[in-house]
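In the order they appear, the protein sequences are chains H and A.
Here the numbering used here is used: the first residue of the first sequence is 1, the next is one more, and so on.
Here the numbering used here is used: the first residue of the second sequence is 1, the next is one more, and so on.
Everything labelled a hint here was simulated from the structure, so no lab data went into it.
Honestly, I wouldn't trust all of these hints.
[Said to hold, decoys possible] Quick partial rundown of chain A residues pointing at chain H, CB under 10 angstroms, derived from the structure:
1. Phe68
2. Gly70
3. Thr81
4. Gly82
5. Thr239
6. Gly241
7. Pro273
8. Lys274
9. Pro297
10. Val430
[Stated by the list, open to error] Calculated lysine-lysine pairs in the DSS-like style (CA-CA distance at most 30 angstroms, straight line):
11. A:Lys476 with H:Lys7
12. H:Lys73 with A:Lys472
13. A:Lys276 with H:Lys73
14. H:Lys80 with A:Lys472
15. A:Lys274 with H:Lys7
[Said to hold, decoys possible] Label-pair restraints from in silico Cβ distances:
16. A:Lys337 with H:Leu39: 40 to 48 angstroms
17. H:Phe20 with A:Gln4: 44 to 52 angstroms
18. A:Ser244 with H:Val18: 20 to 28 angstroms
19. A:Val346 with H:Val18: 40 to 48 angstroms
20. A:Ile43 with H:Leu39: 28 to 36 angstroms
21. A:Glu328 with H:Tyr11: 54 to 62 angstroms
Note that the Cβ used here is the ideal one computed from N, Cα and C, for glycine as well.
Listed below, chain by chain, are the residues.
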Amino acid sequence: MQSYWKKNLTYLVILLLVWFTVSYGFGILLAPYLDTFHLGGFKLGFWFAQQGSIYVFVIIIFVYVWLMNRLDKNYDVDEK
Amino acid sequence: MEVQTWTYIIVGLTFSLYIGIALWARAGSTKEFYVAGGGVHPIANGLATAADWMSAASFISMAGLISFMGYDGAVYLMGWTGGYVLLALLLAPYLRKFGKFTVPDFIGDRYYSDVARTVAVVCALFVSFTYVAGQMRGVGVVFSRFLEVDINLGVIIGMCIVFFYAVLGGMKGITYTQVAQYCVLIFAFMVPAIFISIQLTGEILPQMGFGGKLIDGSGNFLLDKLDGLNEELGFAAYTSGSKSMQDVFFITAALMVGTAGLPHVIVRFFTVPKVKDARISGGYALVFIAILYTTAPAIAAFARTNLITTVSNQDYVAMPEWFTKWEETGLIAFEDKNNDGKIQYVADKGTNELTIDRDIMVLANPEIADLPNWVIALVAAGGLAAALSTAAGLLLVISTSVSHDLIKKQLKPDITEKGELIWARIAAAVAIIIAGLFGIFPPGFVAQVVAFAFGLAAASFFPAIILGIFNKKMNKEGAIAGMVTGLVFTLSYIIYFKFILDPAENIPSNWIFGISPEGIGTFGMLINFVVSLIVARFYPEPPEEVQNLVEDIRFPRGAGAAAEGH
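Chain A extracted, bound-state conformation (with noise of 0.2 angstroms):
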């Protein structure tokens, strides 16, 4: 059967599936739109935040990115998995004990201030907003290249599935997916990456190939091999990376605590009953986490391989039908410099005649491999539930903030459950408007955006959170001052070396301690703990019952009953 044929008999088996489950779960009250009613089993939980999570970010660009940083890709591997520690030691019991329904009601409550809880309700609509416009983009590239539908048809139809189920069945709805969707995808993104590693070393696990040997007859390691090909083609060794040591450490920081910051994970911790469930889940999400986040890197390694071994110095037109295929899309152009119709793909920009998008090294990586059509049709379905799922968890973060952390706590406190519910629908439905435009009309922001988010949660959230929860005296002005300036610096600092200065002014040499935009996130958060501390040594203790509700949560039992006194 075509590759055609097969994608839409899978993607349509896939959309039905999460139509169905979205029919199922519907959400009748408040709890249930916003956690699910809190019944959710750890293990669901875990692997509904394990699809929250992995963006189409995560299954579609991070294998390629990788494959053309090498060592230095361990920034992403490292920086999104490590955070799920932060999440499961210093937050998720914590919060899950104090049992409210959003991240700004924490911080609303915890400091005892509208203040607090609208800067928080700020930071969670600019993050969620800017990560969801992503997600809807990378669902309509998927349908344009896969089943040749208009990339703007593509979001629709995108917009629609998400619509359905996050309107109508809100967290509870949204979780039952996400379980369903996190299997498509982590099935997708194995069974070529396990074809691949049984042909180029005879390994059924891919974290086993990745250090394993060839079976080409050489006897060579793999990433020996890999080492040698690129430094051939001038580009640094695969094992050792080009960017300097304080960078990688900065820039693994901020996406480890912004990872912790992020309010669409955070949430996932108030579905479930106990605070031991909660710390339980934080474990079961890395673990499927995990499965992904350690076969990327030897997907990388092994597409580079195969790339370079296919066209390094080889006749143009003795390419492979993928080859031809891949550049009518624009992802791989050729051009013949020297015209001796053969491909120098090298370090060098003057000399190099090829440019390969990253996003190619997972989509093509199946025909690159000479894969079976259904295993290339599976990709294209992996690749929509990564971005369906986590642009339904965001849209819920949106349509939270709006409906109880504006409306409910500030505006109109008096709103009936019933009218709140309206509320949250209605806000739902205009967030995946919103982001469907988003998708249709992209700013050219929205990519170098994305990466920032991060930054910005690191910054703003995360030690707010910490500090109300290890230090107790920690009060309102410590906090909204420690906030407000660790944004304001991280920022200013993204905006002033991203969109105005010269791009090539943005060299190390001109940051602060060579730490790279990408990486600032970390020092905003430092900045943040500095000024929150110092400034809160000025101002009275928080009240003796904020004092008590810091008590209260270190401690789980009495769980049961949250989320009652709302």
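Next up, chain H with everything else stripped away, as it sits in the complex (with noise of 0.2 angstroms):
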């Protein structure tokens, strides 16, 4: 049970750093650099701030729920 646990947790760390990279790191950080590519119309660090961001967001909550999902039956600690 305690590795279920961990596992958890290192879900949690790596999807928490790509929510953090994208918001506040290409968003706000670096969108100064990032502006200097272009994405069709969008400067890149813009797009990030008002777009981009919010599609990760989606795709990791979608993520999350698979990846634990899966655990909770190879831990055999899922809802019947």
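Each chain sits in its own coordinate frame; assemble them with the hints.
What follows is the structure, given as structure tokens:
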């Protein structure tokens, strides 16, 4: 059971790192640098701040759900 | 048909729909009243959460705010969506497994203390009341502008509708009306956005048009053109903004963490049958929210481009009809300072001749873009749906806090289920009347306070809940000390800069580390964490059964039996 919780925490740390990187990283701290690149008509940093980070947030939650449902089954703690 | 006829028809239809749903979904038990019986499908819960969350501010004001802030508007876009990642990953599954009815329930049980419970109740009431006041006002504003009824009559009509389905149906009635309200509001938001995107860029999806090329024959990208227009008039380039980087960072964080700490959002995750459903409904909620939140910045850019090209340096007498119409409401004001008969809209305050209320960008957008009358009416119905759904969710938190957390848990533990249900309904009714009074006699500080509700939620609830789940050894002394210091620090900073100090002194060089009062909740949250962890070391560990409780909420199995011990 301890290893179930440890795995859960590992997933959380990795996913929250992604969460932090796309929003605070690409959207804010690195935005001035990324703005020198373009994605269509968007400057890249601006795109992450107003569009991209939101798409990634959605993906993060669905990846989390998939990982946790699999983990629950493997450790036999899922709901019947 | 006239705009007003259309508005009566569409608003009338949507209101009958809400009332019909309320009659169908009446609550018979406290469990139905508080958490809709705990049997809501995750997709329905996602839709309801999205409507609950997206208020009059998201629907009416946000795109307008962004269009004046440019890049800086990202604080709202990331702040009000990124919080769902925290909710779905760190809070929702564990709180669902814990399986009671309210956030103060969790704080009170986890920290085995009625003091902690009371602190949580006070925070929940404060946050919810400031928030709901803004919603009722929003209802009144929409009524008065589109139906030309008196603003107060508008508030009263709104109160009656909410009264009907919140008091009768509790969480059950609210959930299913919110599902309908989401459909109304998203349709009303997307239709004008798609029309305008096609007009300007030829792209159907506003998210694509936002980064697309203009079809005016110039071949320029929309955003490049907008940067140029902004700079020509002396504003900062649209895509670069004017706030400092650390302030953007802190405000975004305060809004994200605050979102995850708002009681009316958290309580929605108590309504689904399983832990698994709590996780996935966070995902659905964010999808439904993201549709509006990725469209809003596109609307902001379209509206600003349209506005500048329509008014800048044009003859005042040649302005289209909507201009005079909105001038009458006071949302647009023109003062011909140099008497040349043309409108100079520039960044420099001394020579600028045009003042524009940010709300106009969404409300007048269909008229500016010359869209059909039924689209304008649709926007009115959407604004009402957004305001009513959020108001109902907040009123439920208020009524639950009173009937469950105060009366049942503290004052009168032997109350019968029926008695508790009566109290819940009375509390909801009283809360609606107070909220309505706030709407009719708005205290001047409401608009400012709403933004700070997030900072306060971030600095109080969030750390206490996170530590309660992830730190088994956290005791009541640590948690209470943390909540109180976080709250007092954040509140004093805000009150000092916003209400005591001369507004001219509310500038970056006077702020701690250049953090504005809007972003200080993040700092308050850090203080809360540090104080909790330090104080906890000096007091005994929590009792055995509390540590077992924490162990138990970490594993999903057995959640079906939740809320039975009530």
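Check: Is the Cα-Cα distance between Lys274 of chain A and Lys7 of chain H 30 angstroms or less?
Finding: Given pair Lys274 of chain A, Lys7 of chain H holds - Cα atoms ~21 angstroms apart, limit 30 angstroms.
Next item on the list: Closer than 10 angstroms between Cβ atoms is the bar; does Thr81 of chain A clear it against chain H? Give me holds or violated.
Entry: holds (5 angstroms)
Checklist line | Restraint status (C-alpha distance of Lys476 of chain A to Lys7 of chain H at most 30 angstroms) | finding: holds (28 angstroms)
Next item on the list: For the range 40 to 48 angstroms, tell me whether the beta carbons of Val346 of chain A and Val18 of chain H fit it or not.
Entry: holds (42 angstroms)
Note to self: Checking one constraint from the list: CA of Lys276 of chain A to CA of Lys73 of chain H, max 30 angstroms. Satisfied?
What the structure shows: holds (11 angstroms)
Check: Does Phe68 of chain A pass the interface hint, meaning its C-beta sits closer than 10 angstroms to a C-beta of chain H?
Finding: Violated - the Cβ of Phe68 of chain A stays beyond 10 angstroms from chain H, reaching only about 14 angstroms at its closest.
Note to self: Is the interface hint satisfied for Pro297 of chain A? The criterion is a beta-carbon contact with chain H at less than 10 angstroms.
What the structure shows: Hint holds; Pro297 of chain A Cβ to chain H Cβ min 4 angstroms, cut 10 angstroms.
Margin query: Using the nearest Cβ pair, does Thr239 of chain A come within less than 10 angstroms of chain H?
Written below: holds (4 angstroms)
Notebook entry, point to check: Does the nearest C-beta of chain H fall within a distance shorter than 10 angstroms of the C-beta of Val430 of chain A?
Noted result: violated (37 angstroms)
Note to self: Given a hint of 28 to 36 angstroms, does the C-beta separation of Ile43 of chain A and Leu39 of chain H actually sit inside it?
What the structure shows: holds (31 angstroms)
Notebook entry, point to check: Is the hinted range of 44 to 52 angstroms satisfied by the C-beta distance from Phe20 of chain H to Gln4 of chain A?
Noted result: holds (49 angstroms)
Checklist line | Satisfaction of the Lys274 of chain A interface hint, Cβ to chain H closer than 10 angstroms | finding: holds (5 angstroms)
In this structure, the hints that do not hold are numbers 1, 10, in rising order.
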